[in-house]
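**Q** Please model the entire structure based on the sequences and the hints provided.
From first to last, the protein sequence lines are chains U and Z.
For the first sequence, our numbering gives the first residue as 1, with consecutive numbering after it.
For the second sequence, our numbering gives the first residue as 1, with consecutive numbering after it.
These are calculated hints, taken from the structure and not from any lab test.
The beta carbon of each residue, even a glycine, is placed where N, CA and C say it ideally should be.
It cannot be assumed that every hint is accurate.
[To be verified] If we take Cβ atoms under 7 Å as the criterion, some of the chain Z residues that face chain U in the derived model are:
id : residue
1  : 24
2  : 38
3  : 44
4  : 191
[Claimed, not checked] Examples of chain Z residues toward chain U, derived with CB under 8 Å:
id : residue
5  : 23
6  : 34
7  : 35
8  : 72
9  : 74
10 : 78
11 : 91
12 : 198
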Amino acid sequence: MGSQLPAIIVLAPMFGAMFVALFGNRDHRICFPIVVASLLVSLFASFAAAQQVFTTGAIDYFMAGWEEPIGIGIHLRIDSLNALLLILICTVVVLVSFFSIRRAGDQHTEKTPQFYILYLLLCVGLLGISITGDAFNLFVLIEVSSLTSYGLVAMGSSRRGTHAAFNYLLMGTVGASFYLLGVGYLYLKTGTLNMQDIHTILQANEAVRDSNAVIIAFLFILVGIWIKMAFFPLHGWLPNAYSYCPSTSACILAPLMTKVSVYVMIRVMIGVFGVEWIFVHLGWSHLIVWLAVAVILAGSMLALAQREIKKMLCYLIVAEVGYMVGGAWLSDPNHWGLTGALYHILADAMMTLCLFLAAGVFAKRLGAIEIKDLEGLFKKMPVTSVAFVIAALGMIGVPPTAGFYSKFYLIRGAIEGAHWEFVAALLISSLVNAVLFFRIFEIAFFGNKPAESYGHDDHHEEEETVKVEAPWSALFPLVASAAIIILLGLFNGPIVELLRESLDNLPSIVTTQAD
Amino acid sequence: MITKVLATLAVVITGALLLYGTADFPAFGDPHSPASAGVEGGAPSISQYYITESYGDTKVPNLVTSVLADYRGYDTMFETVVIFAAGMAIFAILRVFRDEDDLEPNPTHTQGDRFIDGDHSRIIVGTTVRLVVPVIQLFALYVVAHGHHSPGGGFQGGVILGASFIIIALATDLGNALSRFSEKSYFTLAAVGILIYAGFGVLCQVLGSDFLDYGVLQKIFLTDGPEMARSHSMLGVEVGVAFTVTGIMFAIYANLSSRGTLKSGL
Numbered sequence: 001m002g003s004q005l006p007a008i009i010v011l012a013p014m015f016g017a018m019f020v021a022l023f024g025n026r027d028h029r030i031c032f033p034i035v036v037a038s039l040l041v042s043l044f045a046s047f048a049a050a051q052q053v054f055t056t057g058a059i060d061y062f063m064a065g066w067e068e069p070i071g072i073g074i075h076l077r078i079d080s081l082n083a084l085l086l087i088l089i090c091t092v093v094v095l096v097s098f099f100s101i102r103r104a105g106d107q108h109t110e111k112t113p114q115f116y117i118l119y120l121l122l123c124v125g126l127l128g129i130s131i132t133g134d135a136f137n138l139f140v141l142i143e144v145s146s147l148t149s150y151g152l153v154a155m156g157s158s159r160r161g162t163h164a165a166f167n168y169l170l171m172g173t174v175g176a177s178f179y180l181l182g183v184g185y186l187y188l189k190t191g192t193l194n195m196q197d198i199h200t201i202l203q204a205n206e207a208v209r210d211s212n213a214v215i216i217a218f219l220f221i222l223v224g225i226w227i228k229m230a231f232f233p234l235h236g237w238l239p240n241a242y243s244y245c246p247s248t249s250a251c252i253l254a255p256l257m258t259k260v261s262v263y264v265m266i267r268v269m270i271g272v273f274g275v276e277w278i279f280v281h282l283g284w285s286h287l288i289v290w291l292a293v294a295v296i297l298a299g300s301m302l303a304l305a306q307r308e309i310k311k312m313l314c315y316l317i318v319a320e321v322g323y324m325v326g327g328a329w330l331s332d333p334n335h336w337g338l339t340g341a342l343y344h345i346l347a348d349a350m351m352t353l354c355l356f357l358a359a360g361v362f363a364k365r366l367g368a369i370e371i372k373d374l375e376g377l378f379k380k381m382p383v384t385s386v387a388f389v390i391a392a393l394g395m396i397g398v399p400p401t402a403g404f405y406s407k408f409y410l411i412r413g414a415i416e417g418a419h420w421e422f423v424a425a426l427l428i429s430s431l432v433n434a435v436l437f438f439r440i441f442e443i444a445f446f447g448n449k450p451a452e453s454y455g456h457d458d459h460h461e462e463e464e465t466v467k468v469e470a471p472w473s474a475l476f477p478l479v480a481s482a483a484i485i486i487l488l489g490l491f492n493g494p495i496v497e498l499l500r501e502s503l504d505n506l507p508s509i510v511t512t513q514a515d
Numbered sequence: 001m002i003t004k005v006l007a008t009l010a011v012v013i014t015g016a017l018l019l020y021g022t023a024d025f026p027a028f029g030d031p032h033s034p035a036s037a038g039v040e041g042g043a044p045s046i047s048q049y050y051i052t053e054s055y056g057d058t059k060v061p062n063l064v065t066s067v068l069a070d071y072r073g074y075d076t077m078f079e080t081v082v083i084f085a086a087g088m089a090i091f092a093i094l095r096v097f098r099d100e101d102d103l104e105p106n107p108t109h110t111q112g113d114r115f116i117d118g119d120h121s122r123i124i125v126g127t128t129v130r131l132v133v134p135v136i137q138l139f140a141l142y143v144v145a146h147g148h149h150s151p152g153g154g155f156q157g158g159v160i161l162g163a164s165f166i167i168i169a170l171a172t173d174l175g176n177a178l179s180r181f182s183e184k185s186y187f188t189l190a191a192v193g194i195l196i197y198a199g200f201g202v203l204c205q206v207l208g209s210d211f212l213d214y215g216v217l218q219k220i221f222l223t224d225g226p227e228m229a230r231s232h233s234m235l236g237v238e239v240g241v242a243f244t245v246t247g248i249m250f251a252i253y254a255n256l257s258s259r260g261t262l263k264s265g266l
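**A** Set out below in structure tokens:
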């Protein structure tokens, strides 16, 4: 018996969900304390796990104690690749749970317990995906997280939300099936579902490694995950699903779903197939980096074309997914691209969280759906706007926010891997983000009026300065996420060092190419 | 038109790739295939291990059950959670509490009066169902309990048990079925089912082992060795699965058939 932390991290929210199901219907006020308590247990457990990982090494946990021979049981693993991701997921869900206090009750007072049950089970799914070392267990947890997210998206009162959820359900199911097909092919060729075991077999057995079935398996797994992360031509479900669903659902799904999928892709690349097989044997690196370039440009341009705040943010997510996929596939010799992608998972999750929280507050307090409704924002809600500005500066990539450093590492990787097109795409995307957000700042600060009318009606100006600041339950997560964006940026050095621990023993690609 | 062409193209490409991948599959039923015999360079075959060792490990003759509920019990627990989440999602989406949209003025005569006086066609159906339902339920319990020896177990037994309530609702009306199995009780049952499953896991942790490592439960079951403790615990978690599946099966039917009002049903 080793450390029980991996089990505790995943199971605490599940027990929370069951207690909400049993006791929540009687008195809805009991739901929120249960939710926060169970998520805090996970948060502290993941801090403890990370501390253990970075001092004594990776934690391996064998479910039901079935350790030998490898692969008969289910293997959970926390290493330097996912330790920080677990902390990130727990932090985001704890923060959003505060935001949910009023939101969840808005339209669905009778369904508050069910909302929290789905919310907690979504956390279980995401944490389980991040922690598992078993390819099939990953699929089961993808199902848990997908089903709950369909429910969360459809819970809103708008018909468009329900429609978007149905669309999301169809696409999500296709994605999960592709993943499962890939795993099935892989099982047929390797006879195991344990990620480490598959990795050893692919390293050791050339006949298996070179077979078409394994390449097809990888392709299907990759495309399946791409659908889940809304990689550009497969992004169709995302903008509607995230912009027409209840604000709380958007705040939890937008920062986490795509980012966890990116992590899964990186885990499959490094932990299952191995960088050498991916970059040297397959040699798709150039193709996929060009694809990512197209994604970044398309996402940015589509974001520029939007009038609604949330829609715009959704297309920014699509572009950001391009950053991470491109970064992961740069195949530069020192793995700075992978580092950048991993760091960007953390940075982008916090930035997206902050922006979606702010968008939720705008919609609720100002009724602002479109960008032009944000007139006079800075006077009406100063704290919210400051948080929004910090997250926006992060998206643009202004130091010392986290967004600057992730771009820095990605560009460093792109230069070392000689992918100049990726450097260009990142810079253009930053420029587009700057245009987008400064347009919002201008409307929010100076108003939407033509310049001449200024100074004429001071009287009117005074009327507008009524403060409608968000309640503390929304301000707390907003301010906290904005603070984390800056902290992530300031402490980027040690964080990147921790992330690189898992990348250090990967084979360097350039030397293998030279052989 | 263009979307149809694109969709067809996507399907054809997907199918072609899948077929292409099958080219170097092991032959069908090949005893030396990687899945049956393991691969050179990898760990020894897990299928071989299950076939030869699972009875010794768990004293369960049906090795599907031992793989499902013990070796990969963690997966099965989450499969149950998937079902639970589906029930919750359907409740969250469909359930309506206000009666405004309920256009059908349906007098609520429940308790089965409706088919006794008046509606003669319902007498036959109702009487048959009354006779059949206990048998179905008994069979469901048998399927749950007999999963150790034959195909069956919590999922199948739970579905049959849930179907027995659905058949009551079909033969009489939803109100009648709900008076026997109310909304509160089916959701409680579903949650209790998962708590039973996870509770077994946590109990193992409390007794000083890993999650779901049933072997340590011999201290509670007072069995001779860890093997029989595993066997008993598997029955326990199967019962948990059956609870959840039963509750959610009926919850899904009740919400779908009445459009979330839980009023009249089909």
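**Q** Hint by hint, note whether the structure agrees.
**A** Now for the hints, and whether the structure bears them out:
Below 7 Å, beta-carbon pairs count as interface contacts, and residue 24(Z) has one with chain U at about 5 Å; its hint therefore holds. Hint status for residue 38(Z): holds, given a least beta-carbon distance of 5 Å to chain U, under 7 Å. Interface restraint check for residue 44(Z): the shortest CB-CB distance to chain U comes to about 5 Å, inside 7 Å, so the restraint holds. Interface restraint check: residue 191(Z) against chain U, minimum CB-CB distance 4 Å, threshold 7 Å, status holds.
The criterion of a C-beta within 8 Å of any C-beta in chain U is met by residue 23(Z), whose closest approach is roughly 6 Å, and the hint holds. A distance limit of 8 Å between C-beta atoms decides the matter here; for residue 34(Z) the minimum to chain U is near 4 Å, and the interface restraint holds. For residue 35(Z), the suggested interface contact is upheld, since its CB lies about 4 Å from the closest CB of chain U, less than 8 Å. With a least beta-carbon distance of about 6 Å to chain U, the hint placing residue 72(Z) at the interface is held under the 8 Å criterion.
For residue 74(Z), the suggested interface contact is upheld, since its CB lies about 4 Å from the closest CB of chain U, less than 8 Å. Proximity of residue 78(Z) to chain U holds as hinted, the smallest CB-CB distance being about 5 Å (cut-off 8 Å). For residue 91(Z), the suggested interface contact is upheld, since its CB lies about 5 Å from the closest CB of chain U, less than 8 Å. For the restraint placing residue 198(Z) at the interface with chain U, the shortest Cβ-Cβ distance is roughly 6 Å, inside the 8 Å limit, so the hint holds.
Violation of the numbered hints given earlier is absent; every hint is satisfied by the structure.
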